[in-house]
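Following the hints, complete the assembly by docking chains S and E onto the known chain C.
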Amino acid sequence: MLIEQYGGADGELSAALRYLNQRYSIPDKVIGLLTDIGTEEFAHLEMIATMVYKLTKDATPEQLREAGLGDHYVNHGYSLFYHDAAGNPWTAAYIASKGDPIADLYEDIAAEEKARATYQWIIDNTDDPDIKDSLRFLREREVIHSLRFREAVEILKEYQGSKKVF
Amino acid sequence: MSETTESLPKAYYQYLQELQAIDFVLVDLTLYLDTHPDDEQALAQFKQFQKRKHNLMTQFESAFGPLHQYGLSPATGSSWAWSETPWPWQV
Amino acid sequence: MDGTSAEWRSYVNFRSPFDPCPARVKWYDVPPEVMHPVQKSARKQFAPQEALRKGTLWPEYDSPYPPV
Chain C
34 MLIEQYGGAD
44 GELSAALRYL
54 NQRYSIPDKV
64 IGLLTDIGTE
74 EFAHLEMIAT
84 MVYKLTKDAT
94 PEQLREAGLG
104 DHYVNHGYSL
114 FYHDAAGNPW
124 TAAYIASKGD
134 PIADLYEDIA
144 AEEKARATYQ
154 WIIDNTDDPD
164 IKDSLRFLRE
174 REVIHSLRFR
184 EAVEILKEYQ
194 GSKKVF
Chain S
15 MSETTESLPK
25 AYYQYLQELQ
35 AIDFVLVDLT
45 LYLDTHPDDE
55 QALAQFKQFQ
65 KRKHNLMTQF
75 ESAFGPLHQY
85 GLSPATGSSW
95 AWSETPWPWQ
105 V
Chain E
461 MDGTSAEWRS
471 YVNFRSPFDP
481 CPARVKWYDV
491 PPEVMHPVQK
501 SARKQFAPQE
511 ALRKGTLWPE
521 YDSPYPPV
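Residue numbers (our numbering), protein chains in the order written: chain C, 34 to 199; chain S, 15 to 105; chain E, 461 to 528.
This is chain C alone, in the form it adopts within the complex (with noise of 0.2 Å):
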């Protein structure tokens, strides 16, 4: 199931990727925030590779077939793999990229929401304390996240030069 974060539509990989890749194109005044989330979203990653890593090295293969990732560990091993929770490989089609800044944001926007309702589904599916501790950190985050694409959008709504007071 945390593998669904890690290599899957919504997770921190596309998430990461979509607005490292955006920020080329988005005005200057946004770029930063861009450069700063994405760049945040890879250290999500490493965190869900942590937990994955952790709970798996020591595990059987028995014990990781019974946990459904018999699959996973015919391809893989003990390795991690960009793959979302069904097996499907991570693909650039999971991530938008218009070249429009208010489209662009938007999509951020709507990936933030989508990152922080599957870790609510994540969250309900865990019964181990320390792992819902960290998801509910990661969702915390996207909840914060969310927040600062769409003060993005406001900023661009300003005119050129004026000073913006929230």
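Simulated from the structure, these hints should not be mistaken for laboratory data.
Remember, predicted model here, so these are calculated numbers, not experimental data.
Incorrect hints may appear among the rest.
[Claimed, not checked] Mimicking BS3-like on lysine-lysine, the simulated pairs with C-alpha atoms at most 27 Å apart in a straight line are:
hint : chain 1 : residue 1 : chain 2 : residue 2
1    : E       : K486      : S       : K61
2    : E       : K504      : S       : K61
3    : S       : K61       : E       : K500
4    : S       : K65       : E       : K504
5    : C       : K147      : C       : K190
6    : C       : K190      : C       : K62
7    : C       : K131      : C       : K62
8    : C       : K131      : C       : K147
9    : S       : K67       : E       : K486
10   : E       : K500      : C       : K62
11   : E       : K486      : C       : K165
12   : C       : K87       : S       : K24
13   : C       : K190      : C       : K165
14   : C       : K90       : C       : K165
15   : C       : K147      : C       : K87
16   : S       : K61       : C       : K62
[What the hints assert, rightly or not] Residues from chain E shown here face chain S by an in silico Cβ test under 10 Å; the list is partial:
hint : residue
17   : V498
18   : Q499
19   : S501
20   : Q505
21   : A511
22   : L512
23   : T516
24   : L517
Here a beta-carbon is modelled for each residue, glycine too, at the ideal position from N, C-alpha and C.
Relative to the frame of chain C, chains S and E by itself:
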């Protein structure tokens, strides 16, 4: 490459825990400043935390080696410490 | 406005007499970034260790899950 099978001293984890909290404040403040670049108070707080991080990093790194690569952290000692364990997902 | 946390909405959709399961109340989340899409001030903050636990510096955008 050092094979660390003995467990790390408590101080290691204490440092990392404090560093983690300070780093996190810097992250959330960075995002806030990206969309509120004129907030002087937030900027002042950012500088303050930056100093705390720097002090803590200096202490941690002199005891336990570099945290950042590509020259962002000082290379101390007589051997290349960067590639030694533990790595973050092993800690 | 007390500036806190997510807001939850409940709903029950139309149920036909032929539906096999009893009607169930469902919930959805209208999280703080949707209710307050622009942060007004950086003054109120959690202390660093608590912020780390919660996932944000900002109490106004703290959204606990599952909801309290």
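Checked against the structure, which of the hints given earlier come out wrong? 1, 9, 13
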